[in-house]
Amino acid sequence: MPYSVLVAGTPGVGKSTFSRELGSAMGSCRVMELGKIIAAEHLYSEWDDDHNCSIFDEEAVEQHLENLGVFGKENVVVDFHSPDFLPPDWFDLVVVLRCSTDALWSRLEQRHYTEAKIKENVECEIFQTILDDCREHFGDDKVLELQSVSIEDIATNVQSVLAKLAAATNAPVESSAAVSVAPSDPQANSPGNAGGHRRRAYWGGGKGKGRRSEAIQVSQNDSQAGDDATTPVNDDVQSKRRRGYWGKGKGAMNRAKDGTRSSSPEERGTEEKKKSRGRRRNKKVDASESPVDAAPNGAEDNAVAKGGGNAAAAGGGGKGHVEWARKNRFKGRRRNVSFNPTGSELVDTLLQQLEGKGHYECMICMNKVGRRAKIWQCRDGCWAIFHAKCIELWAASAHNEFATFRCPGCQKEHTDARPISCYCEGGVAMMDSHSCGQQCQRKRACGHPCRFMCHPGPCPPCEEVIGAIACHCGKEVKEGVRCHENVEGWSCGKVCGKRMSCGVHTCPKVCHAGGCGECEVTLKDVSCYCGKHRAEELQCAQSSQGSWTCGDTCGKLLSCNHHRCTLPCHAGPCPSCPYDPKIIGATRCACGKTSAVPGVMRRESCVDPFPTCGKICAKPLPCGHLCPKKCHNGPCDDEKCKEMVELTCVCGKTRRRMPCWEATAMEGPMKCHKKCNALKSCGKHRCNVICCPGGVDAHFCTQVCGKLLNCGKHHCDYPCHLGKCRPCARVSYETQYCYCGHASRDPPIPCGTPPPYCDRPCSRPRSCGHPCPLKCHFGPCPLCTVLVDKECGGGHGAIRRVPCHVANVSCGAPCGKVLPCGRHWCQKICHGGPCLPEGKHCEQKCLKPRPSCGHPCNEVCHDGRCPNTKCKATVTVSCPCGRRRELHPCGLLPGDVDAVPEELECTEDCEKEMRQAQLRLAFAFGDNTGSDEHYSGDLVALAEKNADWLSSMEKHLTTAVVQRPVSMSLPEIKDPERRQLLLDYAQQHYRLECIADSDGVVTLRWVSGARRPHPTLSEVIAMEPPSTRLPYTIDFDPQACPRIVVETGTAAASLRGEVYQRLRNWLGQFRCRRDGRNLLVEFTSEKAARDAFKHLKGTLGSDVISPLKSAYLENA
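Start counting the sequence shown at 1; every next residue gets the next number (UniProt numbering).
Calculated directly from the structure, the hints in this document are not laboratory data. Be a bit skeptical, because a hint or two may be false.
[Claimed, not checked] So the derived label-pair ranges between C-beta atoms look like this: (1) E479 with E520: 28 to 38 Å; (2) E639 with P575: 25 to 35 Å; (3) P575 with V696: 45 to 55 Å; (4) G723 with C623: 44 to 54 Å; (5) S732 with D789: 24 to 34 Å; (6) D89 with C751: 41 to 51 Å; (7) D525 with P575: 50 to 60 Å; (8) C751 with K828: 43 to 53 Å; (9) N67 with T404: 15 to 25 Å; (10) R499 with V600: 51 to 61 Å.
A virtual CB, placed ideally from N, CA and C, is assigned to each residue, including glycine.
Turn these sequences into a full structure, and let the hints steer you where they fit.
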């Protein structure tokens, strides 16, 4: 019979480990961690920024589980922390795991939960929130509460669940194997898997680092009442700061003395058993085993309960402590008590994970730290331990100019990545925990060495007794003060009473450290020294002798009753009159250089003028120069100082001389107008400050670097610097999954780490239906390269073996679709989509013939009648004999129907040529019966390249003309260029019929009209200089000459013979050449072109199939 079990509890109680062991014990069983399923299937609806976790969708989770269809069909174990939304009829048993608050706090700290999140989860466990919710939702008879504090509890709980299932169904539950539980990895349940999804406010989802600085303690009932049950009450819950960070033991004895009780009867019962076991062990310990002879207040109990750690602390360390710790090191482990020589929770955790087989993992490689491995520890930071090779590679990857690297755990900067011999660096590691077993002897800030055995983590506070210490105020003295208790002194709690700085009042504060500060007594209605102003309220610290200074000139009448005091408002009497003759002398001059001026009257009063001595006054002026006037009465600074001074600007590049009074009147230092333009510390930016003072501080670049870091996501936020940027220091504490969620990587994860490799094929569907060839990956899938058959864009036919992602396939043939104008065809290569963009009209030339000249319109395609413009076509104008030829624009309007074609006049050369032609006709057999032969320029150029070969071929051609054979085969011609030269020469100028087969054999046939040209092509190319060839050559303008265009595709070469046969009457007046996929028949005159075109169209009947039917006339 299949069973369905639901395992619930606060994050950290051991749900995942227990579920796996229960599934193994039940045999064929499916274990589902609902937290991982929610993350992998994206069954959350939003994100909680306050708790840094996702908020899952209850309906989506329930629907997903229902779609699996496993309940009632196979054994199922579901693990989740908040399952009270699932249907009760799905499960046969609901197991709620409980844990003590100390163990739960320690487990959550190892997961790097924040302190706020740890408090929320511990409070939830104290108030048994999950247990009450499950009982209310599933019923009391279906809920089973079990304790999960130690590893042994897992095996016991598995047997309890199997027995409960068997009792509920009256049938034994089949067990596949005995339950064997290995120590669980504190990193196995990462923050992203347990407690990472939130539904209520008391579930935290954030991840970070924090230490437990406060513990939730529940006040116990009266111990004399005899009731073992402890009921947690909200009013009794209080946050107490633990004694520093270092406890004096965590056994049940200490908790009982501190007044702390467990949050459940089971925990209290467990603590009572621990008390009794502790007493029994205390009786068995011999005094000779421990160096502690008499520890007060039950220190022996704590020492035995903690494996001797606190006993060593009470005894003050030394050789006896080291020997006793080595001797009793494994006894604590056999009793399932952690060996903790310092009393520190951090040190206790590190020792537990490092000793024996251990399961402490290096944060970089995620492998276990072995007992013989070389290690490195983050000093004065997170105290994490790494493999020495891992941290060396980590430091080498930093690559910064500061030669520092960051700890992967706490991001603290370090400069030394060398491995440590032991934790105190005073010996060689001889123990499993990499400790040397000797005294630590690390120096503390106070100067005293650590007396505990060499240990990982920070040293505990100094316990050295420094004697009697007085309180801050000195009224009381404390005896036997320890060093760590005197870091900031101590307060007796009484009023300080020290005399304040005012000398009148005493300090009213409670005994405190440091100075007493300024007197805060407020005085009422206080007058200033000069009596001009009064203050309604004045702080005593701001007064002196019960009064204060207002800052104005005193102005009190001096003792002479003539002058007034010129000093600022001051305490005490005013000075004597500075002009009193009794004090300074009755005959002293005004400048003071002459004490007795002869021949002057003695001054009787301070108001009498001073006598003058005639010397330079030389009294110092306010600017520092001396008065240049002669001895005089009155002030010296009534005029401006005209002494010339030289000032230098701030940057030191400009100097300027000016009068002293002008320099004194300037505000601030003198500045020039030159821009600095010096390179800053980064070596990239320049200083653009006007008159810059220079120096390192002035040229330190303060701009933010902003370059993209190696992670590809974040930018460098350091000031602009030289060299490479530091690696991205951000670390993610979220579990990293592949795209499909099958593979994962546990935190911490440095920023920029690629997703974990997943060997499953990509399961994302494509629009084409073909599967993706890659493994599981992020980002878009690559283009589909499966070869398929697709129809070309022009609809000409199917193209085979085309990649699937190619949308527009072209067969390479001309499109040929009729354009929207209805008069032209698309001349583009086969394409998909419309031939013309939307809103664009046909831009081909109009081919309608003009009524006057017959040339095409050649304007841009238009509707209606052609515009009344002059014809721009180029025509050949010749004389009546045809010897003279010139190219002229046509220039006829559409209405010039009766216009007479323009002709040139014959010259004397024309008449001379005519007579020579008649003589050749009379004496030459089989020779040209007309005028001289004219050759195209490209044919002459080709003949020049093959002059010797052409001369031998002319002999065969002449033989064919004279002997008139039915057929005559020439030697094999393999060169296609020579073969085409022979075909054009024989058909156009000898007017023979030629046929060339695929092997290069040319066959000549005599036909009526065949004759030998005069002059021959060999004779023309032999004429020197080349200018003498001009009467026998014709240069065809490829842009303006009249021509017939035949769209033949690849059959242009085979159509030349057909063109020569159909246009024999015009041989010598045209040439054939190939232009791309078209055959161009170019004529020497427009008339010949028009006549040949009409003849060509007339010879093509309806039953003839030839590309010549689609030929059209151009430039004529």
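These are the hints, each one checked on the structure:
no.	hint	in the structure
1	E479 with E520: 28 to 38 Å	35 Å, holds
2	E639 with P575: 25 to 35 Å	28 Å, holds
3	P575 with V696: 45 to 55 Å	50 Å, holds
4	G723 with C623: 44 to 54 Å	51 Å, holds
5	S732 with D789: 24 to 34 Å	48 Å, violated
6	D89 with C751: 41 to 51 Å	47 Å, holds
7	D525 with P575: 50 to 60 Å	29 Å, violated
8	C751 with K828: 43 to 53 Å	51 Å, holds
9	N67 with T404: 15 to 25 Å	53 Å, violated
10	R499 with V600: 51 to 61 Å	58 Å, holds
Of the numbered hints stated above, those contradicted by the structure are hints 5, 7 and 9, listed in ascending order.
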